[in-house]
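Student: Sequence:
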Amino acid sequence: MQDYSIFAERERSGWTNPSIVEAYVSLFGPVTDEVGAAIVDRVGKTGREVLDLCCGQGTLTRMLSDAGAKVTGLDFSPDMLARAAKVAPAAELHQGDAAALPFEDDRFDGVVCNFGMMHLPDQPKALGEIRRVLKPEGTFVMATWVGPEASPAFGVVFGAIKAHADFSAAPPQPDLFAFARPETAGQMMAEAGLEMAAHEVVTPAWELSSPEELFEIFLNATVGAAMLIKSQTPAVIEAIRAQLPSAVAGGFAEGAGYRVPVPVALITARRA
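One point on numbering: in my numbering, the residue at position 257 of the sequence shown is 257, and numbering is uninterrupted.
A portion of the hints provided could be inaccurate.
Claimed, not checked - Cβ-Cβ distance ranges computed for the label pairs, FRET-style:
hint, residue 1, residue 2, range
1, A163, A90, 45 to 55 Å
2, P261, A198, 15 to 25 Å
3, G128, R12, 17 to 27 Å
4, N220, D66, 49 to 59 Å
5, D106, K230, 38 to 48 Å
6, G159, Q2, 23 to 33 Å
7, P78, G250, 39 to 49 Å
8, G128, N220, 26 to 36 Å
9, G68, S19, 34 to 44 Å
10, P136, G250, 44 to 54 Å
11, D3, A256, 23 to 33 Å
As the list claims (entries may be wrong) - Computed list of lysine-lysine pairs in BS3-like fashion (alpha-carbon distance at most 25 Å, straight line):
hint, residue 1, residue 2
12, K70, K45
13, K125, K135
14, K86, K70
15, K135, K70
16, K45, K86
17, K135, K45
18, K230, K162
Since the hints were derived computationally from the structure, they do not count as laboratory data. Yeah, the Cβ is synthetic: ideal placement off N, Cα and C, and Gly gets one too.
The whole structure should be built from the sequences, with the hints applied where relevant.
Tutor: This is the structure:
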């Protein structure tokens, strides 16, 4: 496995930065919450014990609790967990590592992960832990971003980055879009002892008031993408910033604002 230690360190540091946490909750929240509702529909709720892995600010945790599940949330960020404690007071919350879960074998009926896997340096190990804590025939549901080739939002942003950036300036990180590819997702699940049952695409969208907002979302409300952008020279960063508004204005104007679709892969698996 490639060394992702610098990536892991910066992820932990980034998600304890109050300004990044606040920006993520504000700017990504409308999209991730919409996807969270679809996850609840697929994992099963009433009377089930569910682990919300990489639970973040706790909105999916609360949705699951409201639907009748007994929910445990885990995240490595104390700042996110502090928010989750307020949002989902009925849940049992833990600070911990997704690749070394502090739970006994065969505990949960379901495990969910809403946009968390791309933040983990050792995804295969995390999948193995998910399989371990699931009961036989238990359900795992996760969401991840679709790649630039099929995503208007990521296509515009990563198109500008690719046109100007030196990718070698950023530390190595896992493939952000690995699970968006059905063949790759199925193989990774199988290697962990999980059987992929469904690989779907849902398409929420960012509703923007100005074309400049899309760049600001990726610069200020992410860690991995921002890591790549901020590793560039000031001139390159400005070139990326300058390219995005015309692309957003030209392709996504709707009414008085801009609507930028951001497709999401929704994956359901069972413990094999």
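Student: Taking the hints in turn, state whether each one holds.
Tutor: The hints, checked one at a time:
1. A163 with A90: 45 to 55 Å: For A163 and A90 the Cβ distance comes to about 47 Å; the hint holds.
2. P261 with A198: 15 to 25 Å: Hint holds: Cβ distance 21 Å, inside 15 to 25 Å.
3. G128 with R12: 17 to 27 Å: This hint holds: roughly 21 Å between Cβ atoms.
4. N220 with D66: 49 to 59 Å: Given about 30 Å between the Cβ atoms, the range is violated.
5. D106 with K230: 38 to 48 Å: 43 Å, holds
6. G159 with Q2: 23 to 33 Å: At 25 Å between Cβs, range holds.
7. P78 with G250: 39 to 49 Å: 42 Å, holds
8. G128 with N220: 26 to 36 Å: Holds, at about 34 Å.
9. G68 with S19: 34 to 44 Å: 36 Å, holds
10. P136 with G250: 44 to 54 Å: Holds: the Cβ-Cβ distance is about 52 Å, inside 44 to 54 Å.
11. D3 with A256: 23 to 33 Å: 48 Å, violated
12. K70 with K45: Distance of about 8 Å is within 25 Å: holds.
13. K125 with K135: Measuring from Cα to Cα gives roughly 18 Å; hence the hint holds.
14. K86 with K70: It holds: about 17 Å lies between the C-alpha atoms, which stays within 25 Å.
15. K135 with K70: 15 Å, holds
16. K45 with K86: Holds, because 21 Å separates the two Cα atoms, which is no more than 25 Å.
17. K135 with K45: 15 Å, holds
18. K230 with K162: 14 Å, holds
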